[in-house]
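Sequences listed follow chains V and E, in order. Our numbering puts the first residue of the first sequence at 7, with every later residue one more than the last. Our numbering puts the first residue of the second sequence at 2, with every later residue one more than the last.
To be clear, the hints were calculated from the coordinates, so they are not data collected in a lab. What you are looking at is a predicted structure, and each value in this text was computed from that prediction instead of being measured. Any given hint could be a false lead.
[Said to hold, decoys possible] Restricting the straight-line Cα-Cα distance to at most 25 angstroms, the calculated cross-link-like pairs of lysine-lysine (BS3-like) are: (1) V/Lys17 <-> E/Lys95; (2) E/Lys23 <-> E/Lys59; (3) E/Lys23 <-> E/Lys38; (4) E/Lys109 <-> E/Lys23; (5) E/Lys106 <-> E/Lys95; (6) E/Lys59 <-> V/Lys63; (7) E/Lys106 <-> E/Lys38; (8) V/Lys63 <-> E/Lys23; (9) E/Lys72 <-> E/Lys23.
[Claimed, not checked] For each label pair, taking beta carbons as the anchor points, the in silico distance ranges come out as: (10) V/Glu20 <-> E/Gln61: 16 to 22 angstroms; (11) E/Lys43 <-> V/Arg87: 37 to 43 angstroms; (12) V/Ser15 <-> E/Thr11: 40 to 46 angstroms; (13) E/Ala71 <-> V/Lys23: 45 to 51 angstroms; (14) V/Asn58 <-> E/Glu80: 44 to 50 angstroms; (15) E/Thr70 <-> V/Glu108: 38 to 44 angstroms; (16) E/Gln61 <-> V/Thr118: 19 to 25 angstroms; (17) E/Thr11 <-> V/Glu26: 46 to 52 angstroms; (18) E/Asp28 <-> V/Glu20: 25 to 31 angstroms; (19) E/Ala30 <-> V/Arg116: 33 to 39 angstroms; (20) V/Glu91 <-> E/Leu41: 19 to 25 angstroms; (21) V/Glu26 <-> E/Val21: 23 to 29 angstroms; (22) V/Ser33 <-> E/Glu3: 26 to 32 angstroms.
Every residue gets a Cβ at the ideal spot worked out from N, C-alpha and C, and that includes glycine.
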Amino acid sequence: GAGVSQSPSNKVTEKGKDVELRCDPISGHTALYWYRQSLGQGLEFLIYFQGNSAPDKSGLPSDRFSAERTGGSVSTLTIQRTQQEDSAVYLCASSPVGGAYEQYFGPGTRLTVT
Amino acid sequence: GENVEQHPSTLSVQEGDSAVIKCTYSDSASNYFPWYKQELGKRPQLIIDIRSNVGEKKDQRIAVTLNKTAKHFSLHITETQPEDSAVYFCAASKPAGSEKLVFGKGMKLTVNP
């Protein structure tokens, strides 16, 4: 079946602009995660959704970052007033139920802030 | 919170040799330990995982071992092939809360033909 998809695959934006990144999880997966991967680094947790609620937002680096999920499916990560340090690959993952189950990753969105 | 350390950061082996990647974790409540392989420009792919109720798991040329007492786990790849060249990430999660994955910084494996 279809895996996790993300759009856009690449985004170049000017410093100070807002960006929206989209994630379509695997159908039926209730848990959805956003991670960030900076160049040559590991993956850094941002936020977790179970259904449409976000019980863990502890990884969001600042109040410029927000995310929502609608219909228990698609999620959008929004970064306001982008800064150069926001440049990274933003990865989305979904899992059947959460709770130490396999997480399947999307291809990521490469964000470059100029 | 949980902290996962991974070493070495790079490893180069000859085709056919074995490779071992080691990770340590800090939170004794962690109970799920997946390993991901990431090829250049691609998404991380889950290759094997282990839960805390077992000490070892094998899948063809790869195996993972877990020592809960010492809080470390390792990935073993035997008979390496050039297509095994990638960055490998270990991770840990615990049952309470979001079950988010806490990742190590990754190890770049190069298999020379």
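Which hint numbers doesn't this structure obey? Checked against the structure, the hints that fail are numbers 1, 6, 8, 10, 11, 12, 15, 16, 17, 18, 21, while the rest are satisfied.
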